[in-house]
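K.L.:
Could you build all of it, start to finish, from the sequences and the hints given here?
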Amino acid sequence: MVTENQNFFQKVYEVARLIPFGRVTSYGAIAKYLGAARSARMVGWAMNASHTMEDIPAHRVVNRKGLLTGKHHFDGTNLMQQLLENEGIQVQEHQIIDFEKLFWDPTRELGEYYQ
DNA sequence: ATGTTGACCCCAG
DNA sequence: CCTGGGGCCAACA
Numbered sequence: 001m002v003t004e005n006q007n008f009f010q011k012v013y014e015v016a017r018l019i020p021f022g023r024v025t026s027y028g029a030i031a032k033y034l035g036a037a038r039s040a041r042m043v044g045w046a047m048n049a050s051h052t053m054e055d056i057p058a059h060r061v062v063n064r065k066g067l068l069t070g071k072h073h074f075d076g077t078n079l080m081q082q083l084l085e086n087e088g089i090q091v092q093e094h095q096i097i098d099f100e101k102l103f104w105d106p107t108r109e110l111g112e113y114y115q
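Heads up: the first sequence begins at 1 in my numbering, then just goes up one per residue.
Please keep in mind that the hints were generated in silico from the structure rather than gathered at the bench.
Each hint should be verified, as a subset may be incorrect.
[Unchecked claim] Here are the simulated DMTMM-like cross-link-like pairs (lysine to aspartate or glutamate), alpha carbons at most 25 Å apart as the crow flies: (1) K65 <-> E93; (2) K65 <-> E109; (3) K32 <-> D105; (4) K65 <-> E14; (5) K65 <-> E85.
[As the list claims (entries may be wrong)] Computed beta-carbon distance windows for the label pairs: (6) L79 <-> N7: 26 to 32 Å; (7) E85 <-> Q10: 16 to 22 Å; (8) T77 <-> I97: 16 to 22 Å; (9) E14 <-> T77: 25 to 31 Å; (10) D98 <-> A49: 28 to 34 Å.
As the structure is a computational prediction, the values presented were derived from the model and not from experiment.
Heads up, the beta-carbon is just placed ideally off N, CA and C, and yes, glycines get one too.
P.N.:
Put into structure tokens, the structure is as follows:
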């Protein structure tokens, strides 16, 4: 049986994997798409667990300001930025350039929540 | 059980 | 830029 917790984590991973190449989203956007069931902090926790459990493009997930708050959790000091720049995303001063244009909103792109 | 922390978010001063 | 408040929930000591 699948508990709500596992279900939520799986959904977070699911949405994270759906982020298109060269696009980014925020923790809050994912949480909102999932009905804000456990708030944005849990998305961060899911990402924290993802780097050891599953293979998730966590570098495409930043906070609502487009700030790379989780870059210190990657192996290299600037690995997260390197991965983003590899996808054509410009990063400057720990922040994504044209974040509004590159922002991928699950609730808008995938439609409303299917709960 | 309690207190603290955290890859968050919103508001106010 | 800074600090403070509140909310949210899980992990940890």
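K.L.:
When the hints from earlier in the document are held up against this structure, which numbers fail?
P.N.:
7
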